[in-house]
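A.B. asks: Here's the letter readout for the chains.
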Amino acid sequence: MRNDRQEKQAGRPLPFWKRPAGKQIPGSGTGPLGADPEVPEGMFYRAADFEKEDLWPAVSERLERIGQPGNAAANEEKGRPVRPPMFLFRPVYAALTFLVITGAVLLLIGPGRNAREEAAIVRPTVQSRPQATIDSAYIQGKQARVMTFVQPNVPEISFFWIGSQDN
Amino acid sequence: MEDTEVISRCLSGEREAFELLVRKYQAPLLALSANILRDLEEARDVTQESFTKAFVNLGNFDHDRSFKSWLYSITVHECIDRKRRAGSFFRKLDGLGREAGPRPFAGPEEAAPTDHGLNRLLQALSPRERTAVSLSFVEGYNAREIGQVMNCSEKTVRVHIFRSKSKLRRLLKEKRYA
Numbered sequence: 003m004r005n006d007r008q009e010k011q012a013g014r015p016l017p018f019w020k021r022p023a024g025k026q027i028p029g030s031g032t033g034p035l036g037a038d039p040e041v042p043e044g045m046f047y048r049a050a051d052f053e054k055e056d057l058w059p060a061v062s063e064r065l066e067r068i069g070q071p072g073n074a075a076a077n078e079e080k081g082r083p084v085r086p087p088m089f090l091f092r093p094v095y096a097a098l099t100f101l102v103i104t105g106a107v108l109l110l111i112g113p114g115r116n117a118r119e120e121a122a123i124v125r126p127t128v129q130s131r132p133q134a135t136i137d138s139a140y141i142q143g144k145q146a147r148v149m150t151f152v153q154p155n156v157p158e159i160s161f162f163w164i165g166s167q168d169n
Numbered sequence: 004m005e006d007t008e009v010i011s012r013c014l015s016g017e018r019e020a021f022e023l024l025v026r027k028y029q030a031p032l033l034a035l036s037a038n039i040l041r042d043l044e045e046a047r048d049v050t051q052e053s054f055t056k057a058f059v060n061l062g063n064f065d066h067d068r069s070f071k072s073w074l075y076s077i078t079v080h081e082c083i084d085r086k087r088r089a090g091s092f093f094r095k096l097d098g099l100g101r102e103a104g105p106r107p108f109a110g111p112e113e114a115a116p117t118d119h120g121l122n123r124l125l126q127a128l129s130p131r132e133r134t135a136v137s138l139s140f141v142e143g144y145n146a147r148e149i150g151q152v153m154n155c156s157e158k159t160v161r162v163h164i165f166r167s168k169s170k171l172r173r174l175l176k177e178k179r180y181a
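Residue numbers (the numbering used here), protein chains in the order written: chain A, 3 to 169; chain B, 4 to 181.
Isolated chain A (complex conformation) (with noise of 0.2 Å):
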């Protein structure tokens, strides 16, 4: 692979990110950058431009509370403190997650046991089981089958057909 030098060396326009700040136009190979207004000079910063930033006040603050260097590795050594996984420290899926278990224990548990509940007191003897029975009637003048569903605590249903015997 060729460096900067042999490419300008092959006569051939280096690559726009590769260009000076403010020499050159990007992708045409000619012209200078800051000719065109739309185009500013740099595009990264650079550790020149923070020369005058001192974080030093602030990081010795955040040292003070830390004490001596190394301290994680002492801790380590000592054996770390168990915690749980991180996505249960993430609301969202800590309530997912909530949700899902507490859906799956209701699910499981919590209806079925409330339906044998309930059928023990609704169902307490053979007489209140759910009843069919079929009677025969006339109907406009034609024979007709009449079934009758009877079930406690729920309105009798009646189904009938009409027979073809007398036609």
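Just so you know, these hints were derived from the structure itself, not from any lab.
Among the clues, some could well be false.
Covered by chain A, per the in silico footprint, the following chain B stretches (three or more residues, Cβ under 8 Å) [what the hints assert, rightly or not]: (1) 13–25; (2) 29–39; (3) 47–57; (4) 67–74.
The beta carbon of each residue, even a glycine, is placed where N, CA and C say it ideally should be.
Go by the hints and put chain B onto chain A.
C.D. replies: Leaving out everything else, chain B in the frame of chain A:
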């Protein structure tokens, strides 16, 4: 003074020695985090946090490795983590009503050589792409070194850089000829 010597002094309990490391690396580290985050206040905070983490984990530092790369690695992960957390649902809810988008520079005293045009284009890149591009173009790192910093393979780094270049090229073209 060599970094390893300073680290040894720090580990022997001389906390003030760490000041030398902070003063040596604060500017490049700030530039790196500013390039990834595109928010100077956030970049300052991340840089301070990175130094703090480095101090805490100084005992785990592998002396065969470059301290600068190790520090960069901590900063990059902190930046990406910060970006990820900033994109979370609750953080977005928390930020409702505030001014949207990053706040690159606060005042004229903070010279902002990149705070327009292309700077905005860079926001079209993902944090990982910005990291790879920034380390490549600003620091002059090669794919292997970037891979060590970003904790990924050389191939992944090349993909990040290729995609970044393609995106930037396309966006520049749109901007130029629209």
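A.B. asks: Determine for every hint whether it applies to the structure shown.
C.D. replies: Tested hints:
With 7 residues carrying a beta carbon less than 8 Å from a beta carbon of chain A, the region 13–25 of chain B meets the three-residue requirement, and the given coverage holds. Chain A is given as covering the region 29–39 of chain B, and this holds because 7 residues of the stretch bring a CB closer than 8 Å to a CB of that chain, at least three being needed. Counting residues of the region 47–57 of chain B whose CB lies closer than 8 Å to any CB of chain A gives 6, which reaches the minimum of 3, so the coverage claim holds. Coverage of the region 67–74 of chain B by chain A is violated [criterion: at least 3 residues with CB-CB distance below 8 Å; count 0].
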